[in-house]
Amino acid sequence: MKKTAFLIFVILLGSVMIPLVFQGHQSQAASAAATATPTRTPTTTPTGYVLHLPCAVANAAPSLMPTPTYTPTQTSAPVWTPTPSPTPTLAPLIIGHITDIHIGWSWIYSQRLPYVLNALKQQAQVRVDTGDCAHHGSVEETVEYMDLVTHNISIPWRATPGNHDTPCVFERYIGPLEWSWDIGGYRLIGINTEAINYTALAQALTHEKPCIVFGHFPLSYCTPTDQIELRQRFKMYRVPIYVAGHTHLDSLQTDPESGTVLLTGQRAGLGHYRLITLRGFEIVDISFENAWG
Numbered sequence: 548m549k550k551t552a553f554l555i556f557v558i559l560l561g562s563v564m565i566p567l568v569f570q571g572h573q574s575q576a577a578s579a580a581a582t583a584t585p586t587r588t589p590t591t592t593p594t595g596y597v598l599h600l601p602c603a604v605a606n607a608a609p610s611l612m613p614t615p616t617y618t619p620t621q622t623s624a625p626v627w628t629p630t631p632s633p634t635p636t637l638a639p640l641i642i643g644h645i646t647d648i649h650i651g652w653s654w655i656y657s658q659r660l661p662y663v664l665n666a667l668k669q670q671a672q673v674r675v676d677t678g679d680c681a682h683h684g685s686v687e688e689t690v691e692y693m694d695l696v697t698h699n700i701s702i703p704w705r706a707t708p709g710n711h712d713t714p715c716v717f718e719r720y721i722g723p724l725e726w727s728w729d730i731g732g733y734r735l736i737g738i739n740t741e742a743i744n745y746t747a748l749a750q751a752l753t754h755e756k757p758c759i760v761f762g763h764f765p766l767s768y769c770t771p772t773d774q775i776e777l778r779q780r781f782k783m784y785r786v787p788i789y790v791a792g793h794t795h796l797d798s799l800q801t802d803p804e805s806g807t808v809l810l811t812g813q814r815a816g817l818g819h820y821r822l823i824t825l826r827g828f829e830i831v832d833i834s835f836e837n838a839w840g
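Take any residue in the sequence shown, note its place counting from 1, add 547, and you have its number in this note's numbering.
These aren't lab readings, by the way, just hints derived from the structure by calculation.
Fair warning: there could be bad hints in the mix.
Unchecked claim - Listed next, with one range per pair, are the computed distances between beta-carbon atoms:
(1) 840 - 639: 24 to 30 Å
(2) 803 - 754: 21 to 27 Å
(3) 795 - 840: 17 to 23 Å
(4) 701 - 824: 27 to 33 Å
(5) 800 - 744: 22 to 28 Å
In this text, a Cβ means the ideal position worked out from N, Cα and C, and glycines have one as well.
Could you put together the complete structure from these sequences and hints?
If you want it as structure tokens, here you go:
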């Protein structure tokens with residue numbers, strides 16, 4: 548009887564103590580968790596500073612915030628803009644170029660020049676001759692040159708002297724050694740490459756309209772000083788093209804220092820001529836032609 552009563556007492560005591568022990572373990576676990584995970588303290592800005600974010604950014608989830616992108620406002624390469632002209636849009640100008648006729652060298656030159664001049668007057672608006680009009684620079688040769696020109700050309704024209712021309716004879720029968728000629732919103736400038744008058748050239752060059760320069764010697768045949776001086780002016784005034792002769796060869800290249808196109812041509816006495824088409828500061832086309840096909 549006593550054993551039965553003791554067993555009942557143990558059972559009753561266990562039913563009371565086991566829940567209390569289990570509840571104590573839960574309390575300890577909760578306390579440990581609270582100790583391991585501290586309360587997050589909001590970050591504050593320094594005293595005197597207030598951080599304001601745009602609403603769209605402040606309310607956006609971090610994973611949805613847009614990635615900044617850079618949109619360039621200009622091209623990486625510099626863009627050249629021509630100096631404004633009194634005439635914003637210029638009509639194209641077609642220049643016929645001949646050189647090194649050398650009247651007096653061979654009878655065939657006198658025979659073929661009229662064919663070249665007649666071809667030019669049908670295709671060009673103006674004509675420029677870059678010298679060596681007379682082979683020996685004599686009065687007779689120069690007069691013959693002028694007779695052939697005046698009887699076979701009907702468009703405006705100019706000429707620059709070459710090293711075979713005699714300056715005083717050239718001035719008397721053909722025209723000035725250096726000149727400036729405005730036509731159709733363009734300025735054509737002739738220089739005497741054996742003795743360049745830089746005062747006259749400075750007066751002729753302008754930013755107000757495209758300037759096309761003509762001379763007998765190619766740039767590379769000018770004196771070192773003249774090459775420096777001309778390149779500086781070509782670059783400063785954005786001269787689109789410098790047209791020359793002397794070499795008796797067709798050549799077309801761009802000067803790396805000034806950006807000016809450099810053209811030389813073959814002898815007109817053998818039927819050769821060039822057509823240069825410009826629209827403002829832009830060279831539209833250059834063609835090398837021969838009146839004899």
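Comparing the hints with the structure gives:
1. Take residue 840 and residue 639: their Cβ atoms lie about 26 Å apart, and the range 24 to 30 Å holds.
2. Checked against the given bound of 21 to 27 Å, the beta carbons of residue 803 and residue 754, roughly 22 Å apart, stay inside it.
3. Residue 795 and residue 840 have their C-beta atoms about 19 Å apart, which keeps the hinted 17 to 23 Å range intact.
4. Remark: the range hint 27 to 33 Å for residue 701 to residue 824 is contradicted by a beta-carbon distance near 20 Å.
5. Checked against the given bound of 22 to 28 Å, the beta carbons of residue 800 and residue 744, roughly 26 Å apart, stay inside it.
Hint 4 alone, counting from the list given before, is not met by this structure.
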